[in-house]
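Q: Sequence:
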Amino acid sequence: MAPGGRPLPTPLARASHRPAAHADDRAAGRRRPDRPAGAVGAAGRRTARRRRGALLSAVRRRAARLPPDAQHRGRALGRALVPGTDARLRPGRRDRAGPGPPARAARVAGAAAVYGFAREPRWIAGHLLTLTLLVVFVAAGVWQLGRHSDRRARSQAVLERVAEQPLEEAALWDAAGADIEWRRVELAGEWSHGDAVLIRNRSLGGLGGCHLAAPVVLGPTSGEGAGPGDAAADAGRAVLVVAGWLGHAQCAAPDAPAAVELARAALAAGPARITGRVRPTQTRGLLGPSDPPTGRLGSLARVDVERVARQVPQALAPVYAELVSADPPPANLAPLGPPVTAGGPHLGYALQWFAFAAVALIGYPLVLRRHARR
66 MAPGGRPLPT PLARASHRPA AHADDRAAGR RRPDRPAGAV GAAGRRTARR RRGALLSAVR
126 RRAARLPPDA QHRGRALGRA LVPGTDARLR PGRRDRAGPG PPARAARVAG AAAVYGFARE
186 PRWIAGHLLT LTLLVVFVAA GVWQLGRHSD RRARSQAVLE RVAEQPLEEA ALWDAAGADI
246 EWRRVELAGE WSHGDAVLIR NRSLGGLGGC HLAAPVVLGP TSGEGAGPGD AAADAGRAVL
306 VVAGWLGHAQ CAAPDAPAAV ELARAALAAG PARITGRVRP TQTRGLLGPS DPPTGRLGSL
366 ARVDVERVAR QVPQALAPVY AELVSADPPP ANLAPLGPPV TAGGPHLGYA LQWFAFAAVA
426 LIGYPLVLRR HARR
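Going by the working numbering, the sequence shown opens with residue 66, and the numbers climb by one from there.
Some hints could be false.
Unchecked claim - FRET-style restraints, in silico, Cβ to Cβ:
1. S355 <-> P430: 50 to 56 Å
2. Q221 <-> G428: 50 to 56 Å
3. D215 <-> G428: 28 to 34 Å
These aren't lab readings, by the way, just hints derived from the structure by calculation.
Just so you know, even glycine gets a beta-carbon here, dropped at the ideal spot from N, CA and C.
Use the sequences and the hints to build the structure in full.
A: Written as structure tokens, this is what we have:
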């Protein structure tokens, strides 16, 4: 007892100004009335961690027990109720389970259970097929872009060559066909009607028909028994010229006499001055039609200068020309169109292939997600 009859203070009272009941609340993990909400002592924090650990363990055990084909797979991640509680673990939120590594492990385990069907053989085959189609679509789009670039470069080269000065006749024998293609050339000579040929299966404006081609013998020609317009001299040089287009009715009998008659009717006899575009000789492709190697032919499947040279007495140039203008002009022939310089459909095809690739890239994951939610 202190002087005056007052009791001596206890050690706890001397050590702290707080009431003695606060120590009991802190030891029991209870929140004190004078502390703000959420301020819990060390014992309370340990209790909260134990509860979170129990919650996560329950969620992981439930996710592991779910079979791949169980209904409501989508609820296994973030909506698995822990027995005896109302706690939920929701993706993208900081719920009672906490945002730490254990919560991420629970989300990974839940996702593995939801998309477990994707490891089945039939789905693996679907993965491989989609990946193959994606690669094919992208490759096809890149290839079409290359075709578009080549087409533009070719069109530019054609325009530049057409605008150049005309070639001399000697250049047709001295230069390679690919180097002078689409260049203009001026010829002076006579049409050789007796050596005319028809080029089958040629269209103009969507209509079927043929082309009429005949050699132009360069320089003066003469010969005993030569008729008007017939180059009878066995010596000299000539250039094969595609004069124009004939309709299907006129190409119905593509034999040698018919070709000669058509040439006599369309091409004027006597000297002529001709302007044409140089083109290289055409050859047979892998699957194209073939012409007989010998004999006198009245029609050909293509403008094969080498094959025509076998039945012409003059030395033909290794290239041929497409008629642009002639003096005198041909009759009953449709003129050949100008060279095609448009870009073509390759850019549109490329965009279509890339669109297919985008559909595969975006659509297939959506299919997987929809199947997982069933």
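Q: Next, verify each hint and record whether it holds.
A: Verification of the supplied hints:
Separated by about 52 Å at the C-beta atoms, S355 and P430 satisfy the suggested range of 50 to 56 Å. Distance hint for Q221 and G428: a CB-CB separation of about 39 Å, inconsistent with the stated range 50 to 56 Å. Against the hinted window of 28 to 34 Å, the Cβ-Cβ separation of D215 and G428 comes to about 32 Å, which satisfies the hint.
Checked against the numbered hints listed earlier, the structure breaks hint 2 alone; every other hint is satisfied.
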